[in-house]
Amino acid sequence: MTDNSHRHSTFIMYGIKNCDTIKKARRWLDDKGITYQFHDYRVDGIDEVLLDQFIAALGWEVLVNKRGTTWRKLTNEQKNAVKDAASAKAVLLAEPAMIKRPVLVAPNNRYHLGFSETEYQQFIG
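Residue numbers (my numbering): 1 to 125.
Just so you know, these hints were derived from the structure itself, not from any lab.
Any given hint could be a false lead.
[What the hints assert, rightly or not] With a cut-off of at most 25 Å between alpha-carbon atoms, the simulated DMTMM-like pairs for lysine to aspartate or glutamate come out as follows: (1) K100 to D30; (2) K73 to E48; (3) K23 to D84; (4) K24 to D44; (5) K79 to E61; (6) K100 to E119; (7) K89 to E61; (8) K32 to D47; (9) K89 to D47; (10) K32 to E119; (11) K100 to E77; (12) K17 to E119; (13) K23 to D47; (14) K100 to D47; (15) K66 to D52; (16) K89 to D31; (17) K66 to D44; (18) K66 to D20.
[Claimed, not checked] Have a look at the derived ranges for each label pair, beta carbon to beta carbon: (19) G33 to D84: 37 to 45 Å; (20) V49 to G114: 16 to 24 Å; (21) D20 to Q122: 32 to 40 Å; (22) G45 to T75: 21 to 29 Å; (23) R110 to T21: 18 to 26 Å; (24) W28 to V62: 18 to 26 Å; (25) G59 to E117: 21 to 29 Å; (26) Q122 to L93: 17 to 25 Å; (27) E77 to I124: 39 to 47 Å; (28) A106 to T21: 12 to 20 Å; (29) K79 to D44: 22 to 30 Å; (30) T10 to E119: 13 to 21 Å.
Cβ atoms here follow ideal geometry from the backbone N, Cα and C, with glycine treated the same way.
Between the sequences and the hints, there should be enough to build the whole structure, so can you do that?
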């Protein structure tokens, strides 16, 4: 990744393609004719630089999806170890499926987490 990798001219959606929320969000963007690029963590991966950008923009607490299957499979010891940005980052890099989805990044480097039609309408404008 270059230093300019965070600059882009289209929306980028980050997530996992078989996630129901991702499917709804992608369908909404498609229906509105909004051009976007899809980044699948399972195919395209995630690196520390990208995760640092997410954490800086959104905060580590909201990025950790504690309602998903991956989180529930962790031991209590592993769950209790997620207590700050560094420990959250380590878990999320190891288990990208645990990143709450979708993360939508606008061309002007604004970030949105999760999906609702109302929030997307406001975010995209």
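E77 versus I124 beta-carbon gap, inside 39 to 47 Å or not: 41 Å, holds
Restraint check for K24 with D44, where alpha carbons must lie at most 25 Å apart: 20 Å, holds
Pair hint K89 and E61, alpha-carbon separation not exceeding 25 Å: 10 Å, holds
Pair hint K79 and E61, alpha-carbon separation not exceeding 25 Å: Within the cut-off at roughly 13 Å; holds.
25 Å Cα cutoff - pair K23, D84: 30 Å, violated
Consistency of beta-carbon spacing, L93 to Q122, with hint 17 to 25 Å: 31 Å, violated
Distance restraint between K89 and D47, which requires alpha-carbon spacing of 25 Å or less: Within the cut-off at roughly 10 Å; holds.
Hint consistency between K23 and D47 [alpha-carbon to alpha-carbon, up to 25 Å]: 23 Å, holds
Hint consistency between K100 and E77 [alpha-carbon to alpha-carbon, up to 25 Å]: Answer holds: K100 to E77 is near 21 Å, not above 25 Å.
Given hint E119 paired with K32 - CA-CA distance at most 25 Å: With Cα atoms ~14 Å apart, K32 and E119 stay inside 25 Å; holds.
Range hint 22 to 30 Å (beta carbons of K79 and D44) holds or violated: 27 Å, holds
G45 paired with T75, Cβ distance criterion 21 to 29 Å: 25 Å, holds
Hint compliance for this structure: hints 3, 8, 16, 21, 26 are broken, all remaining hints hold.
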